[in-house]
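Engineer: In order, the protein sequence lines correspond to chains A and B.
Sequential numbering of the first sequence, starting at 1, is according to our numbering.
Sequential numbering of the second sequence, starting at 354, is according to our numbering.
In short, the hints are calculated from the structure, not lab data.
Treat each hint with caution, since some may be false.
[As the list claims (entries may be wrong)] Computed list of chain B residues with no C-beta within reach of chain A, every gap over 12 angstroms:
hint, residue
1, Ile371
2, Ile465
3, Val479
4, Leu546
5, Met558
6, Ile639
7, Ala647
[Stated by the list, open to error] Label pairs and their computed distance ranges (CB to CB):
hint, chain 1, residue 1, chain 2, residue 2, range
8, A, Ala340, B, Cys376, 57 to 63 angstroms
9, B, Ala646, A, Gln258, 55 to 61 angstroms
10, A, Ala307, B, Leu383, 37 to 43 angstroms
11, A, Gln258, B, Met471, 52 to 58 angstroms
12, A, Ala249, B, Phe395, 46 to 52 angstroms
13, B, Ala377, A, Val121, 55 to 61 angstroms
14, B, Val611, A, Val154, 38 to 44 angstroms
15, B, Met418, A, Pro45, 36 to 42 angstroms
16, B, Ala377, A, Lys351, 39 to 45 angstroms
17, A, Ala307, B, Ser368, 43 to 49 angstroms
Don't be surprised by glycine CBs; every beta carbon is placed ideally from N, CA and C.
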Amino acid sequence: MKYSPKFCRSGVAALAIAGLVAFTGTAKAQVDVPLVESGSSLLYPLFNLWVQSYQADNPNADITTTSTGSGAGIAQAIKGLINIGASDAYLSDSIVKEHPTMLSIPLAISAQAINYNLPGVSSLNLSGPILAGIYTGKITQWNDPAIAAANPGVSLPAHVIIPVHRLDGSGDTFIFSQYLSASDADWASTLKYGTTISWPAISGEIGAKGNAGMLAAAAANPYSVAYIGVSYADKVAAAGLGTAALLDADGQYVLPTQANIAAAAASVENSTPPDERISMIFAHGANAYPIVNYEYAIVDSNQQASAVAEAIRAFLTYSTTEGNNASFLNQVHFLPLPPAVQALTAAQIAKIQ
Amino acid sequence: MMKLRPFRLSVLGLSLLIPAALCAVVLFLLIYSFPAIRFSGFGFLTDINWNFGDFDDDPVMTRGMLVPGGANYGILVFIAGTLLSSFIAIVIAVPLSVGAAIFLSEAVPPKIRPALSMLVELVAVVPSIVFGLWGIWVLIPFIGHYLSPTGNGYGLLAASVVLALMITPIIATTLLDALLQVPKENRESAFALGATHFEVVSKAMMPMVRATLIGGIVLALGRALGETMAVAMVSGGGFNILPTSIFSPISSIASFIVNNLDSAEGDPTNMSVRAIAEVALILFLITLAVNAAAKILSSGAFHVRKRQQ
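Let the hints inform the model, and build the full structure from the sequences given.
Structural biologist: What follows is the structure, encoded as structure tokens:
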């Protein structure tokens, strides 16, 4: 088939218009360097929301997102294989000592719920020491005196507890074990915290893969208890699981509601150091939920090319300002950074050169 | 002596690429994991405790090497989980697949045999994640409700059943091909001697295809040993504890590697990643041993075909 001259001419015209649009687009967009983000599976859905909307505003921005896990995100960001590592945990002291140019930049606030499948029980109080007892095998029955003491008036079943934990390395395990370390001296000195814990041998315990696997395991096993990120709150409720109120630093039992998570974040707002590496476990303050954390971008402040540094700065600035709007965060049950933390984050982003 | 013509030379080069790639992988694993091998010694295989140690604190000198405090690498639990789940899967799958193959070759009219055997082959191409999901939503609640004394469906039995389903078509199709190749004369002479249909199958046909059956089983065992995703989803992820019953949680080597590599990368001394490389090396050695056994056991696997010619 031969193209008619008329068709050719209109084709050329279309190309010219497209070129013109592309040209003005380039002039308007600040960045056209390809960026790669990789890491936390908890942050991954949020990054996708951000990138979609960011690219709608900046057609030339080229950002690839992948979900590989916090550990891989940190490791690859340090090696310079990716531009932005996403992590549920800040960089450890030993890594910062070894790689002083690596920054931990909070992007949003998340929390973790303790969910239970307990037939006949609709509200349950738990505490760090009780959970440490359950996950080390010292507390094995639901009607254990320690649990009964925290739940006056609740008739607890005389049934073996099935503790569910992550079998894959996970930021959720990091936060949960950090919480147990802060609650229990034994746990702090032996098991400590990390993305994989050397789980004590308990007969009947279950290791599940991913947050979805945790949810499925808890739903399928009555008398189980599990730790699941609050992003899964809707699915947890749909599966009929209960959410436990946890004992906070001031001796109150609090649920992971938006207000209680915000209360924890607010209490740490002014004590967050300039490098923003701080645990929000057991934040003080009225109704402050005890298992709250910053979600981090792990970025090297010392970039090879200034154009790349500029592209990273532009995207992270967008994520932590416009990207902190409820329209994005509510979809994954995250909370925005408080103003003082936002200022610290902006100062850290400015360091990327 | 063969003359090395350009064609022969180029094909030789290409064929050498495959063993070369294999050697490169093994050599890399060996070199990379060498510090971990030195650190753990033989205890790597006999210890049931795996602990990445404390990544946050400064690394400590242990046995002359810089490792995270408290680090200890023992994979007996994962070896036991892998071998037990694969073995039970074979025990479940062999009667199923032998029955299916005999049914297809003997009891089904030749006209509809291709359609039915295709259905069996179809099971072999179902992605393992689909089996894993079926395990989570159907099998585990079933085991938990009706079989398990603790009400927990995750564990060795669930992993074995899922693996058994995945490998049944491998054994069944291998065996079916062999049964269909048994010379007509053998069958008919057995019938002529007055043997019942059952006797023809069990005494005249099965002995002829035994080697193929063993070959198929070992092939299936290789698949079961290396299966990652489906096992990870239903095994219950046993850690630091050897299984005591078929309802105990287990971990397989392959699923342990894929699920913990991410954590290992957080180790500032890198010893955790080297230890995981050593785990991979062990898995490779186990599958190598299985395949070697397959070669020995099934050395006569194709004698049926040869006799036919």
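Engineer: Indicate, hint by hint, whether the structure satisfies it.
Structural biologist: Verification of the supplied hints:
1. The Cβ of Ile371/B lies farther than 12 angstroms from every Cβ of chain A, with a closest approach of about 29 angstroms, so its non-interface assignment holds.
2. Every CB of chain A lies more than 12 angstroms from the CB of Ile465/B, the least distance being 39 angstroms, so the non-interface label holds.
3. With 12 angstroms as the threshold on Cβ separation, the claim that Val479/B sits away from chain A holds: the shortest Cβ distance comes to roughly 19 angstroms.
4. Distance check on Leu546/B: its Cβ is at least 55 angstroms (rounded) from any Cβ of chain A, clearing the 12 angstroms threshold; non-interface status holds.
5. Listed as a non-interface residue, Met558/B keeps its Cβ farther than 12 angstroms from every Cβ of chain A; the least gap is roughly 44 angstroms.
6. Under the 12 angstroms C-beta cut-off, the non-interface status given to Ile639/B relative to chain A holds; the minimum distance is some 21 angstroms.
7. The beta carbon of Ala647/B is kept farther than 12 angstroms from every beta carbon of chain A, the shortest such distance being approximately 31 angstroms.
8. A hinted range of 57 to 63 angstroms for the beta carbons of Ala340/A and Cys376/B is consistent with their spacing of about 58 angstroms.
9. Taking 55 to 61 angstroms as the suggested C-beta distance range, the pair Ala646/B and Gln258/A conforms, at roughly 59 angstroms.
10. Our hint of 37 to 43 angstroms for Ala307/A and Leu383/B holds, since their Cβ atoms are close to 42 angstroms apart.
11. Checked against the hint of 52 to 58 angstroms, the C-beta distance between Gln258/A and Met471/B comes to roughly 54 angstroms, which is consistent with it.
12. Checked against the hint of 46 to 52 angstroms, the C-beta distance between Ala249/A and Phe395/B comes to roughly 47 angstroms, which is consistent with it.
13. The beta-carbon spacing between Ala377/B and Val121/A, approximately 57 angstroms, falls within the hinted interval of 55 to 61 angstroms.
14. A hinted range of 38 to 44 angstroms for the beta carbons of Val611/B and Val154/A is consistent with their spacing of about 41 angstroms.
15. The hinted window of 36 to 42 angstroms between Met418/B and Pro45/A holds, with their beta carbons roughly 40 angstroms apart.
16. At roughly 42 angstroms, the beta-carbon separation of Ala377/B and Lys351/A lies within the given 39 to 45 angstroms, and the hint holds.
17. Take Ala307/A and Ser368/B: their Cβ atoms lie about 47 angstroms apart, and the range 43 to 49 angstroms holds.
Hint compliance for this structure: every hint is met.
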